[in-house]
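> Please construct the entire structure, taking both the sequences and the accompanying hints into account.
Chains as they are written, first to last, in my numbering: chain D, 1 to 487; chain X, 488 to 585; chain V, 586 to 687; chain Z, 688 to 999.
No lab work stands behind these hints: they were computed from the structure.
Every residue, glycine too, gets a C-beta built ideally from N, C-alpha and C.
One or more of the hints may lead you astray.
Stated by the list, open to error - Across the chosen pairs, the derived CB separations fall in these ranges:
1) Z/TYR956 / V/GLY667: 46 to 54 Å
2) X/THR578 / V/ALA590: 58 to 66 Å
3) V/ALA595 / D/VAL264: 54 to 62 Å
4) D/PHE474 / Z/SER890: 51 to 59 Å
As the list claims (entries may be wrong) - In silico DMTMM-like links for lysine to aspartate or glutamate, alpha-carbon gap of 25 Å or less:
5) Z/LYS705 / V/ASP617
6) V/LYS652 / Z/GLU734
7) Z/LYS705 / Z/ASP692
What the hints assert, rightly or not - Over the 12 Å line for every Cβ pair with chain Z, so calculated as not near, a few chain D residues:
8) LEU32
9) VAL89
10) GLU362
11) LEU471
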Amino acid sequence: MADWIPVVIIFMPLLAAVLVFTQTVRGVAATLATGGFLLIGLVALGSEVSGQGPWLTWQPGGWPVPLGLRWQADSFSVVMLAMVSLVAVSGGLFATGFLPTALPSAERHFWTLWLFTWAAMNSLLLAADLFNIYVGLELMALAAVGLISLSRETEALQAAMRYFLVTLFGSMLYLMGVALLYGQYGMLDQAALAAVIEHGLANVVAAVLITLGLLIKTALFPVHFWLPSAHGKAPVPVSALLSAVVVAVCFFIMYRLWSGLFFVFLADQPAMVLGVVGLASIFWGGLQALRQQSLKMIVAYSTIAQFGYVMLVFPVFAAGGATVLAWHGAVMLVLAHGLAKASLFFAAGCLHIAYDHDRIRELPGGVGRLGWVWLAFALAAASIVGLPPSGGFVGKWRLLQAAVLGEAWFWAVVMVLGALLTGAYMYRGLETAWRPAAPAEAVRTVPGIMVAVTLFCAVGAVAIGFLAVPLESFLGRTFEPLPIAGG
Amino acid sequence: MTAFYLILAGVILAMAFHALMTRPNLLRKLMALNIFTSAVFLFLVTLARMAEPLDPIPHAMVLTGIVVTVSTTAVGLALLVRLYRRSGSLTLQSTDDD
Amino acid sequence: MMGAADIAGAVLAVAGVLFFLAGTLGLLRFPDIYTRIHALTKADNLGLGLICLGAAVQSGSLMTALKLLLVWILVLLAAATGASLIAQTAHRRGIRPWARQE
Amino acid sequence: MAVFDLILGLLLVVLVWKSLSVSDLFGAVISFMAFGLLMAVAWVRLEAPDIALAEAAIGSGLTGALLFSTLGRLPHSEARQPVVSRTVRNGPGYWMTTGFWWVLAILLSIAFLFSLLDLQTPGLGGLLQERLPESGVLNPVTAVLLNFRSLDTVMEIAVLLLAVVVAWSMGTVVWPVKRTLPSPLLPGFVRLLTPFFLLVSFSLLWRGSHAPGGAFPSGAVLAAAGILLLLAGKTTRICPRFMFWLRWILAVGLLVFVFAGVSLMVAGYGFLVYPEQWAGALILLIEVSAGVSIGAMLMALYIGGEPDIHSA
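Here is the structure:
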């Protein structure tokens, strides 16, 4: 196994962040160079995974598992890493247009924080060790707090503070769970723990605490309250990164744990509880999105609803029948959501640059000069709603198929209703574009790079639908949630 | 003796959790979060003491945790000062949309 | 079995604790800031010195004794500086020393 | 000794209560620092001297200094505020809310306690003792931090550096800091102490390989020396060239660690895999650079913002 791949994937963005901090390299250049290196790393990783898969593991430090720690990667990790890189590079390009006009004061530190966040996400996507995940979560949380508070508005600072408190509390709950598991088995590696874990009070409490911590970070229904303001008030490229990938990485960790380590518990109540959390998030997020007045807030609330949707993978898992289909569906949904959500935020940012606000009632009707932006918004919205042939459609369709095959009728109905609700609030955003045009001029012209990036992400979200077949064959037909414990 | 320290950590944990949730002042919330963290560390180190022989790995974990906590506290305080200069208040307004 | 060194050490430590007790009592009972820091620095430094001496006697090693002496000297210096800072700041803020009301 | 633990525990609980429920924030911070110091005693009781050192230096000392400097930046009126405002306390839902959180808090800690009591706690102590000779150091905690689980430590230093970046992004501080000194005693005292600080810091670093100590306490002592110098009015004028070096000093710990890992990988050993005969030397190199960086980073966190070189 090539030892250099995970090192490049994690430490390239970290090194870039440090070099930008020491003012050796310019931020944009560092971001693009990191993107380039990661492309090489990801191609290598992808070919290794499909060649020697389904799982690859590495031992940084060279010590075997109970004493040392590991990195692990499978096809899901690869596609997540690819999506993170795509959004990070697009967001960086968007920021080159956005920051000088909208937030010149933030440019000084934006890039360092951006690259730090990226490094933290990559390390979380590869980490196999529960305590290493804790450190990664803290790294990601601090970088995200820094990014949100780059916006100097009082509301953004308040949102950053709330996010800070909530997310660190979540980390602590997570760490308590990890402490219990370590106390029980003296191990921290997910696969090694999964091999020995059994029913018992301590393990159940550990699962509850860890899940609660991660639910807070993924912003699902009862503990979602921090997300709308944090994602809605942050600078636009930051909102895109947070909503599209940071939350997705937290979900990814939760998914890893419940499909692997805690899979023995999943069968009855836990799957039901996770499903109900998802259900509540879909409807609460959706109904709140319907009430919002600004485009950015609608998009922010839709993140809660959409991750609620992805949570439905757990009851479908428990129903059995079509585990692989459900898995593929969840992966596709997360990927398509990431790109589409980034594009929606970018579009809102373009409108903000053009008109100085994004309140849907006051936006001038008609597309004006922003035809491309509205086209991107429409495409991305279509993917979020799940209209064929977008990536969102394939994801939701696979999930629905799996639910039907597993005869989980209740969850199938929830999925259909959820999609309808999504359609309703996304329509509210789009409606502006085909209102009869009022003669209003844009305050500023939107830099071309911003429009291009917006469109690129939207097209990407739709393209996932067309690429579904090769993507699914890359993901593989077998469901193997964990590497071999001994590795 | 270890049972005593576990209970002690439990008591501190409950107090810190309660303060974190109910105190409006942000500086106090930050202190509560810090104390909460200390209680969790106390659990971990007591677990290390209960193992036979003494297990230094939780010690290393807690050392890492202490450094991470001081970093987060510093960031929290910087944010608090910034927020105070901007809004003139040390409390968070509740969100109207929720 | 307790040797002579142990007994001497214990006696010194107990004496030190008594001075600490007196210092703390002064901190709690004295009327103003100046008298309180007076009680703290004087009594506590002597108390610490006695405890260090007791520990040095018990340890029976010259190296340890020298280290304990260093501890005592450093704390002495720090206490003196700290007390002076507190007193000067209080004085600057216009806090008047307490005087017996006739 | 049970009495000792009992008193310690009681004091800890009282201090927690005071730091969370006293209306005077200044007093609350002092209680918080005292809590940290007593926690250090608790760590010693639990046979974790490494943590005791770190807690006394970083957890209590530095966090306390951070809290105090924050209080100093807020107006005096904020320092004394009711824990819960009177209108809230007399309001309708107050007792319900606070009761609700009490129930939840107690449930949380009881559930946690019960599950703790029936743990098996196998621990890795035995395995660790077996492999310790291969690690290049004699202190097991240092071995875990810098060899067995070195990846955690790399990321931890990254967290510290990131905290500096975030603090700098929040704003600048006027430089040089002007202070009115109440007493000439402090500068003299600090002048006397600085060599001691350097000595202690170096000795902690050196001891780290075989006894409690290492880069983090050593860096904290270094930072304490810097903070004292700052308080005593000994500031340097900062020119752009100085800022350039400062950034590199802040970053050097992380960079050396990562480069050591990468060069070992290129040399064919694997990322952060130390060959046994060099392990001790490599660990010392990493610790020295990390110690210097950590000192600088902790001090930067205390200053709390990017020094503004144009303001002077």
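> Look at each hint and say if it fits the structure.
Checked hints:
1. Z/TYR956 / V/GLY667: 46 to 54 Å: 51 Å, holds
2. X/THR578 / V/ALA590: 58 to 66 Å: For V/ALA590 against X/THR578, whose Cβ atoms are near 59 Å apart, the range 58 to 66 Å holds.
3. V/ALA595 / D/VAL264: 54 to 62 Å: Hint holds: Cβ distance 58 Å, inside 54 to 62 Å.
4. D/PHE474 / Z/SER890: 51 to 59 Å: 56 Å, holds
5. Z/LYS705 / V/ASP617: 23 Å, holds
6. V/LYS652 / Z/GLU734: 22 Å, holds
7. Z/LYS705 / Z/ASP692: The given pair, whose Cα atoms are some 20 Å apart, holds under the 25 Å limit.
8. LEU32: With a cut-off of 12 Å, D/LEU32 remains clear of chain Z, as the shortest Cβ separation is near 20 Å.
9. VAL89: 21 Å, holds
10. GLU362: Given a closest Cβ separation of 32 Å, the condition holds.
11. LEU471: Since the minimum Cβ distance to chain Z is about 30 Å, D/LEU471 lies beyond 12 Å and the statement holds.
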